[in-house]
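Quick note, the sequences are listed as chains A and B, same order.
The first sequence lines up with residues 1 to 562 when you count with our numbering.
The second sequence lines up with residues 1001 to 1562 when you count with our numbering.
Mixed in with the good hints there might be a few duds.
Pairs of lysine-lysine residues, derived as DSS-like cross-links and limited to a Cα-Cα distance of at most 27 Å, are as follows [stated by the list, open to error]: (1) B:K1487 to A:K317; (2) A:K61 to B:K1503; (3) A:K503 to A:K460.
Rather than coming from a laboratory, the hints here were simulated on the basis of the structure.
Number of protein chains: 2
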Amino acid sequence: MDWPMPTEPTTPSVMDQIVSLCKRRGFVYQASEIYGGIRGFWDYGPLGVLLKNNIRDWWWKCMVECPPVGPDGDIVSMVGLDSSIIQHPKTWEASGHTATFADPMRRCTKCGHIIRADHYWDILVTTSKWFNDLIQSFEYAPTPTPYPALTTGPLLRWANRAGKKLAPNMALVRNPEVTLASLATRVNGQPTSPPDVREITQYLATEQMHMTGLQDPCVLCGAPMGTPEQFNLMMVTYAGTTQSAENLVYLRPETAQGIFLNFRNIIDTNRIKVPFGVAQTGKSFRNELTPRNFIFRSREFEQMEMEFFCPPDDALKWYEFWRGERMKWWLTLGIKPENLIFRDHATDELSHYSKATVDIEYKYPFTAPDFGELEGIAHRGDYDLSQHSKHSGQKLDYFDQELQLKLKEQGASAEDVKSKSRYIPNVIEPASGLTRAVLVLLCEAYTYEKGRAGAEEWFKFKPKFAPVKLGIFPLVNKDGMPEMAEKIYMDLRQRYTCEYDPKQSIGKRYARMDEIGTPMCIVVDGDSLKDNTVTVRDRDTTAQERVSVDKLHAYVAAKLEM
Amino acid sequence: MDWPMPTEPTTPSVMDQIVSLCKRRGFVYQASEIYGGIRGFWDYGPLGVLLKNNIRDWWWKCMVECPPVGPDGDIVSMVGLDSSIIQHPKTWEASGHTATFADPMRRCTKCGHIIRADHYWDILVTTSKWFNDLIQSFEYAPTPTPYPALTTGPLLRWANRAGKKLAPNMALVRNPEVTLASLATRVNGQPTSPPDVREITQYLATEQMHMTGLQDPCVLCGAPMGTPEQFNLMMVTYAGTTQSAENLVYLRPETAQGIFLNFRNIIDTNRIKVPFGVAQTGKSFRNELTPRNFIFRSREFEQMEMEFFCPPDDALKWYEFWRGERMKWWLTLGIKPENLIFRDHATDELSHYSKATVDIEYKYPFTAPDFGELEGIAHRGDYDLSQHSKHSGQKLDYFDQELQLKLKEQGASAEDVKSKSRYIPNVIEPASGLTRAVLVLLCEAYTYEKGRAGAEEWFKFKPKFAPVKLGIFPLVNKDGMPEMAEKIYMDLRQRYTCEYDPKQSIGKRYARMDEIGTPMCIVVDGDSLKDNTVTVRDRDTTAQERVSVDKLHAYVAAKLEM
Chain A
1 MDWPMPTEPT TPSVMDQIVS LCKRRGFVYQ ASEIYGGIRG FWDYGPLGVL LKNNIRDWWW
61 KCMVECPPVG PDGDIVSMVG LDSSIIQHPK TWEASGHTAT FADPMRRCTK CGHIIRADHY
121 WDILVTTSKW FNDLIQSFEY APTPTPYPAL TTGPLLRWAN RAGKKLAPNM ALVRNPEVTL
181 ASLATRVNGQ PTSPPDVREI TQYLATEQMH MTGLQDPCVL CGAPMGTPEQ FNLMMVTYAG
241 TTQSAENLVY LRPETAQGIF LNFRNIIDTN RIKVPFGVAQ TGKSFRNELT PRNFIFRSRE
301 FEQMEMEFFC PPDDALKWYE FWRGERMKWW LTLGIKPENL IFRDHATDEL SHYSKATVDI
361 EYKYPFTAPD FGELEGIAHR GDYDLSQHSK HSGQKLDYFD QELQLKLKEQ GASAEDVKSK
421 SRYIPNVIEP ASGLTRAVLV LLCEAYTYEK GRAGAEEWFK FKPKFAPVKL GIFPLVNKDG
481 MPEMAEKIYM DLRQRYTCEY DPKQSIGKRY ARMDEIGTPM CIVVDGDSLK DNTVTVRDRD
541 TTAQERVSVD KLHAYVAAKL EM
Chain B
1001 MDWPMPTEPT TPSVMDQIVS LCKRRGFVYQ ASEIYGGIRG FWDYGPLGVL LKNNIRDWWW
1061 KCMVECPPVG PDGDIVSMVG LDSSIIQHPK TWEASGHTAT FADPMRRCTK CGHIIRADHY
1121 WDILVTTSKW FNDLIQSFEY APTPTPYPAL TTGPLLRWAN RAGKKLAPNM ALVRNPEVTL
1181 ASLATRVNGQ PTSPPDVREI TQYLATEQMH MTGLQDPCVL CGAPMGTPEQ FNLMMVTYAG
1241 TTQSAENLVY LRPETAQGIF LNFRNIIDTN RIKVPFGVAQ TGKSFRNELT PRNFIFRSRE
1301 FEQMEMEFFC PPDDALKWYE FWRGERMKWW LTLGIKPENL IFRDHATDEL SHYSKATVDI
1361 EYKYPFTAPD FGELEGIAHR GDYDLSQHSK HSGQKLDYFD QELQLKLKEQ GASAEDVKSK
1421 SRYIPNVIEP ASGLTRAVLV LLCEAYTYEK GRAGAEEWFK FKPKFAPVKL GIFPLVNKDG
1481 MPEMAEKIYM DLRQRYTCEY DPKQSIGKRY ARMDEIGTPM CIVVDGDSLK DNTVTVRDRD
1541 TTAQERVSVD KLHAYVAAKL EM
């Protein structure tokens, strides 16, 4: 999975309500809350862990146990894996994570965009959109000073038009007169050493020269960049007795690399052939500068990642296949289609090794009406296996016997047969966040209806994913009702996560079950003892139906779609 | 869970065979193997992850979804949790982990026993068994020197008898003449400053004085201790932009503390009352000096831990209850009863806060005929909640309304009612290792039978825990057989983890399924197409039975006991 770029945080009030309900009903707590919390870490409470496990198990069932039929008409081959969070540090050299994140970084003081400080001017500014547009407005006119100076007219026009869109937070755009006056002072004050393009740009990005000195503008928004900081998003630790360089290891920032490391092992020890995939779920860690938006961007999070290995010539076909399959899968969670979109990465946005990448995005309350990242599906070429092969000295190529036969049948030349049937597999990576999926289901299910019977706000989960499937209550806690209700509970809990609750008014018990998204409540009342029936109440309609205990299993199974 | 003490590693050959089969068939790989591995870390391959998930899910089902009936006749209340690996550093101050493991440690050069260097003489040696026995042999006789000297006779006798058992690796025991001669030189050489008991003991522990200088003997085995090293078993990392003290955090060495941190949250946001338990599974990290015995002691491992909160007066009752329940649970995994024992901790072995602790131990191949740790069940009193309350300033006590009513009914004094109905709950902690449970099932299931049809060595897992439940094969990959076998596979995989394998000789396919412990293989042959039956082969008996496809679901369900 690629490194995400921070976006500006916004928290509309529906998000606050969700966070509050999650805390109040035991879905998600701030980690170490009794010690004042710890930024970017969350604990999943009794209901949160059930919701998360339901999503995890469904993903595993759909991808590992019952994978779909592939574009070639065969059932997709997929195996599971659970690799270590800590791996040999060379892993991250090979993957590029050490190099990319061990440099001094600078962060925009306004939009939070993080860049490598050493790439700032030569690579990033000179290729940025606003810069290449801005320099079209650098017009030189002869002046009384010994060299030609910039005329302010075109710059003012740029500030008022293109600048507003391309670099809205730039000093020139926000406060053109003051900014240009400051540049004029510089030009007039030191006529013998004219400013170059870089210095002019810095002047145009500086609002209060006397307070801050010259500023470097953000390549995205034009606001001043912060000073460089040594910063790697990977968290370090030490495996061994001393905290020395030789013992330094990293907490994985993605589960994906553990799969590449085991490519050879899996090929050698399982009856499996390319094309095939490897799937795993597990914790990852990123030292986010600005963890935010509840569990959307946290420092410790859980992923569901697959690496699908295929012959290079088939990679685009598999990329298209996974694109479609993954969207289908998200829809099985009960997410409304209008809340999910594909966002194809533009060519200049792709990692240098990626041939194509698409994000599946969700309309979060804090991004709406825009969408935010949920899953990335990347065509990674042979980058990962090639890199690990190079760094480890191990062969990570594959001899494709079936392809060899096919090529021979097709009458290919001996040379072609030889060169084409041994290759480094290409990789399609559908990588998503499990904890982010939890957030999506919480947002999607959150419902508010003023004055409703039961609870006014509740989670309308698709039954399959509801943390608790059935609330089972005796109407009153006496007269043989608890005994009968307990018996039903002991039976149904073998198959479904049930909650037995014998006390409080029935209305309060319904309301609480609504809030946590329990699809149905089963109530044993006075009549139950006489005619062996119970009342089943539906969360969404609040309608009640009388069901014979003998038919309860079938009734419940049908309603829960399980 | 308490910190384990290292024991001397031994690796009998059956263990090597298990490790080798695990690697060969994709259960467990060394982490980062292509980079030469990383000590103490393991990856769970396609079959290992299935086995591990089966154990994890069964524990969750038995403890969280269908907990047993408690000693009070009520169904046990249990909820799940998934807390962060990284918590606020004060967590570990409160729990005692920072203090206990931030001191200089010394390790025995022979047996690996680790001790706190600052406790070495005054606490550890002076209370050690061999020391208190040895000093009975310090007999002083008048000599020509100005002070009385030790007589060598009793020391020699000690070396040849008690010493061999109590301190087998001590210089005095291994090489008494040389050692005593060295002590004599000291005594004769500096008659004006006689050696004290500590110096004498050091002389008795030093074999080659001129090479090593005086040595400190190990409190367990008498061999020389290594020099002090700063060492904490907790792995550190940094959450934030700089690797400074203020950002220092720890990877949890146990999942348990995350439960204590959330005690208040869980009480406040769930309909739950003391007594109740909280269960969670997840990764923990310990910077073991000597990771060893395959996945028995690794630096990254997975736990299944519960904290059960109860009124102080009922704690012993609950301790006895969990002791029994947990042993019962291990037996449900198909472990032979003779391979499991209880080992009660002796009074001097208990943590200072624990009122009672018992280990459930398993006879691992590398401990046999002895047993090694698998689960610990500890009566922890109110230590944890008291500590976190003290360090956080938050109230972590509990008002027990039911107890209050009961006391009033019993006619207790107003004062007693008040003081007894508000308390800090006591905790019973059944804490076990999930990855260790994987090891136990691998060891328990490993079977070798020379010349057997099928595979000679195979994993005889109880069907419920077998990674793959069913192998489904067409006898030959043509004549309509693969189509029919695929149909059966597509149907059965909805419910069981199945493997479809259309190629190779049928004997090889059976053998491979035996090896990985698949309980049954279903084969579609020529007759199947005519009479809609299949052959079902049993892993353990290798017997084959003809079963109608219509009855296959029921047949399989009964055999798999699911």
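Results of checking the hints against the structure:
no.: 1; hint: B:K1487 to A:K317; verdict: holds, 26 Å
no.: 2; hint: A:K61 to B:K1503; verdict: holds, 25 Å
no.: 3; hint: A:K503 to A:K460; verdict: holds, 24 Å
Taken one by one, the earlier hints all hold for this structure without exception.
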